[in-house]
Amino acid sequence: MKIWTMALNTFKEAIRDRILYLLFFFAAVALIFSRLLAMLTVGDRVKIIKDVGLASISLFGMLMAILIGTGLVYKEIDKKTIFTLISKPIHRWQFLLGKFVGLVLTLFIMTALMSLIFLVIIFLHTSKIEGRLLLAILFIFIELVLITAVAILFSCFSTPILSSLFSISFYLIGHFSWGLATLIQKAKPGPTKLLIQGIYAFLPDLENFNFKTEAVYGLVVQPKSYFYSALYGIVYTVFILVLAMLIFKKKDFV
Amino acid sequence: MMNTILRRRKGFATLSLVFLLFFAGAGIISLKNTVDRIPRKKIPGASIIYIPSGKYLKYATFGYSSLAADLIYIWAIQYYSTYTIVDRFKYLEHIFSIIAELDPRYTDPYEVGALIAYYEAKDLKLAFKIMDLGFEKNPDQWVFPFEAGNYARIAKDYETAQKYYERAMKVSGAPDIVARLYAAAGFKTMDFKTSWETWLEIYNTATDEHTKKIASKHLYQVNSALDMNVLREAIKQFRERYRHNPKDLAELIQTGFLTSLPKDLDGKDYLFDPKTGEVRPPSIWWKR
Amino acid sequence: MATVLQIDNLYKAFQVGFIPRKKEILRGISFSVDSGEIFGYLGPNGAGKTTTLKCVLGLIFPDRGQIEIFGHPHLSLEGKERLGYLPENPYFYDYLTASEFLDFYAQLFRLKKREKKEKIQSLLQLVGLEKARDLQLRKFSRGMLQRIGLAQALINDPDLLFLDEPLGGLDPLGRKEIRDIIVRLKEERKTVFLCSHILQDIEMICDRVAIVVSGRIISQGALQDLISEKILFTEVMLSGLAFDDLISLGEPLWARGEKIFLRVLHEENIEKLLTLVHDRKGKIHSIVPRTETLEDIFVEIVKQG
Numbered sequence: 001m002k003i004w005t006m007a008l009n010t011f012k013e014a015i016r017d018r019i020l021y022l023l024f025f026f027a028a029v030a031l032i033f034s035r036l037l038a039m040l041t042v043g044d045r046v047k048i049i050k051d052v053g054l055a056s057i058s059l060f061g062m063l064m065a066i067l068i069g070t071g072l073v074y075k076e077i078d079k080k081t082i083f084t085l086i087s088k089p090i091h092r093w094q095f096l097l098g099k100f101v102g103l104v105l106t107l108f109i110m111t112a113l114m115s116l117i118f119l120v121i122i123f124l125h126t127s128k129i130e131g132r133l134l135l136a137i138l139f140i141f142i143e144l145v146l147i148t149a150v151a152i153l154f155s156c157f158s159t160p161i162l163s164s165l166f167s168i169s170f171y172l173i174g175h176f177s178w179g180l181a182t183l184i185q186k187a188k189p190g191p192t193k194l195l196i197q198g199i200y201a202f203l204p205d206l207e208n209f210n211f212k213t214e215a216v217y218g219l220v221v222q223p224k225s226y227f228y229s230a231l232y233g234i235v236y237t238v239f240i241l242v243l244a245m246l247i248f249k250k251k252d253f254v
Numbered sequence: 001m002m003n004t005i006l007r008r009r010k011g012f013a014t015l016s017l018v019f020l021l022f023f024a025g026a027g028i029i030s031l032k033n034t035v036d037r038i039p040r041k042k043i044p045g046a047s048i049i050y051i052p053s054g055k056y057l058k059y060a061t062f063g064y065s066s067l068a069a070d071l072i073y074i075w076a077i078q079y080y081s082t083y084t085i086v087d088r089f090k091y092l093e094h095i096f097s098i099i100a101e102l103d104p105r106y107t108d109p110y111e112v113g114a115l116i117a118y119y120e121a122k123d124l125k126l127a128f129k130i131m132d133l134g135f136e137k138n139p140d141q142w143v144f145p146f147e148a149g150n151y152a153r154i155a156k157d158y159e160t161a162q163k164y165y166e167r168a169m170k171v172s173g174a175p176d177i178v179a180r181l182y183a184a185a186g187f188k189t190m191d192f193k194t195s196w197e198t199w200l201e202i203y204n205t206a207t208d209e210h211t212k213k214i215a216s217k218h219l220y221q222v223n224s225a226l227d228m229n230v231l232r233e234a235i236k237q238f239r240e241r242y243r244h245n246p247k248d249l250a251e252l253i254q255t256g257f258l259t260s261l262p263k264d265l266d267g268k269d270y271l272f273d274p275k276t277g278e279v280r281p282p283s284i285w286w287k288r
Numbered sequence: 001m002a003t004v005l006q007i008d009n010l011y012k013a014f015q016v017g018f019i020p021r022k023k024e025i026l027r028g029i030s031f032s033v034d035s036g037e038i039f040g041y042l043g044p045n046g047a048g049k050t051t052t053l054k055c056v057l058g059l060i061f062p063d064r065g066q067i068e069i070f071g072h073p074h075l076s077l078e079g080k081e082r083l084g085y086l087p088e089n090p091y092f093y094d095y096l097t098a099s100e101f102l103d104f105y106a107q108l109f110r111l112k113k114r115e116k117k118e119k120i121q122s123l124l125q126l127v128g129l130e131k132a133r134d135l136q137l138r139k140f141s142r143g144m145l146q147r148i149g150l151a152q153a154l155i156n157d158p159d160l161l162f163l164d165e166p167l168g169g170l171d172p173l174g175r176k177e178i179r180d181i182i183v184r185l186k187e188e189r190k191t192v193f194l195c196s197h198i199l200q201d202i203e204m205i206c207d208r209v210a211i212v213v214s215g216r217i218i219s220q221g222a223l224q225d226l227i228s229e230k231i232l233f234t235e236v237m238l239s240g241l242a243f244d245d246l247i248s249l250g251e252p253l254w255a256r257g258e259k260i261f262l263r264v265l266h267e268e269n270i271e272k273l274l275t276l277v278h279d280r281k282g283k284i285h286s287i288v289p290r291t292e293t294l295e296d297i298f299v300e301i302v303k304q305g
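From first to last, the protein sequence lines are chains R, G and D.
Numbered per the working numbering, the first sequence spans residues 1 to 254.
Numbered per the working numbering, the second sequence spans residues 1 to 288.
Numbered per the working numbering, the third sequence spans residues 1 to 305.
For the record, the hints were derived by calculation from the structure and aren't laboratory data.
Be aware that a few hints might be false.
Stated by the list, open to error - The following label-pair restraints were derived from C-beta to C-beta distances:
no., chain 1, residue 1, chain 2, residue 2, range
1, R, M39, G, R37, 20 to 26 angstroms
2, R, L22, G, M2, 45 to 51 angstroms
3, R, F157, D, R142, 27 to 33 angstroms
Positions of the beta carbon are idealized from the N, C-alpha and C atoms, including for glycine.
Could you put the whole structure together from the sequences, leaning on the hints where they help?
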């Protein structure tokens, strides 16, 4: 219950942040621009619109998660608004979890709005809405939830600028790690290979949530794949949040 | 007294700033016009040429590889329609292989790449290469070996044509005409009439928009080739009689060399340049 | 009388500087606060007042020592349910309005809806901010922030109230209002823990004080015990006499027109002075005996420490 109070408060804070609307504006522009871009192509126009649309939702969602998330805890510590809050009967972990849920709620609404514009544009072009697109968007959202957790983790101990850099690095590494898999295959067996394999197992594999290609080409995806990817996302998010709680638990607020 | 002087100075300052703004604005517009008129050696984004293998590019796009493929493809279309860039075919293979690496299932670039390779760069081997690549990544697309077969046939290499038609035939969903072409490949040169009929049949029996569109493009091309032959013949006869080019296509009718002016499949007129005597279709057929 | 706050042997050191060096802030703080009293916690800047308070509230974790609130370990939620805290130079969520802000904290105490509304209304009235109830906190002045801070500290009707420099940044009228509120809280049998620099106010309202210097408690006890009732000197304002007459009796401080302001050290001299004025037909305008003030003691103690 207290987590929910904290979450609603964070939601109010995030939704009154101007950066949210700036990013949403750019996302809307990108989505509308996709129609113009599609006119320049020879062949399948809808593919262009789908690609640009899904990429926009993913990119701007990520920016929203990082730019707002990295300030959430840091601002409270820096501006000392956290003093009165900690003196109230609320556990530190409830505070953190509340912040997380609040931002996820905000992102959910923003993603839903962007998706709405996207689907309307698709509908105007193809007169149908494919379930696969919705699934792709769902997994983009799961990825955003994980990134939010990461942003909040960094927000616990570093400034917004550094936290943003770390979070973006996490995102890039996450999309790069499957390239690491190729590297592993080429490596000679031995301690180096084991080391790389160890690192690979642990690094986030954000490509797991990337169903954009499948959605655009209408490829068949096994339900097992969806299920395990979602589970991976949830478990990794929990892992990051627990890490954040541990760091936050014994922090001195000078 | 001081006040009016100050006011006048202020007013003068504002007025001169406004004039400066106006002239700067006019300058911007006229300079842009001048720059636009200078024929470009390259078009913006040409540095894409210098990207190394597409294999590594895929890693650098962090999950947005199909979007990158789209953007490079759209750029390539503009690049290859800019006829002032005379050496644009140098990197044809490279650019389209990058697109293929980024999004192997994207069928449009393979087709358009092969079209450009064959009809514009006059590089048959490259056209085959692109079609082979497309078929390798998309073994369910019969259009790739089919078009390769067509290119081979037009180039009078019937053996290769037959091999390709056989491959296309084996793909489920291939129309019957492919089987017939396979059979005919050994015996006949394709003339315009058969070409037209082939593509018309594909157009009419096509089960998806995609194939229909390809067929319609080819229909346009055959039709315009036919029309242009007629026009060129008329122009040639005109020149033999009058020893100069007609001033426009209408003159051919007036002087009785043509009964009517052919229009392209979209209903538009063909373009004629009286200075060179060249005739051109109003649309680039592979771009329609 | 029950002990509401018990602090034993509190130690805290921070690592400061690029090459971390240990800086000790608290070096064995021990004291206790009893129920129903107003307790003053004094000390020069950097003595460790705010650090002690932050340890009690769970913002900082001490290296050694024990803290108990109402007999519970200080970090427990039971303890926190009954306390309120107003930090120094308060800063709150600037995107919330005054009523939203109080509502948020009320929810953390799980007050019921109607209870909440009434409580918020009465608190806003108490601190004189009803008119600003729908104003965003970012538009509040320093004094207004102080008041809303006090309101949030009182939202749960706390039995123990921690106030860190509550009178800073307020005009004299504001200070009187806050002082009155604190005294009223005492009448309602609440305990108030007050950190302050403004010794006049402490002297006016506190029952007991503790003085901290460099992380140690130098002196603690009831105010009346610390400050002797002894008269230090008497300040007399008179007219009708000449300077030379007064030199032997006291120290003339200043003169304005006819009036002379005199400091008399010994009580016998007062008698002699009064006789002298009567004889010379002068006039006594005022006689004010000055006892020891908290400020005197404080300065003395800090100098020694």
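Of the numbered hints stated previously, which ones are contradicted by the structure, given in increasing order?
none
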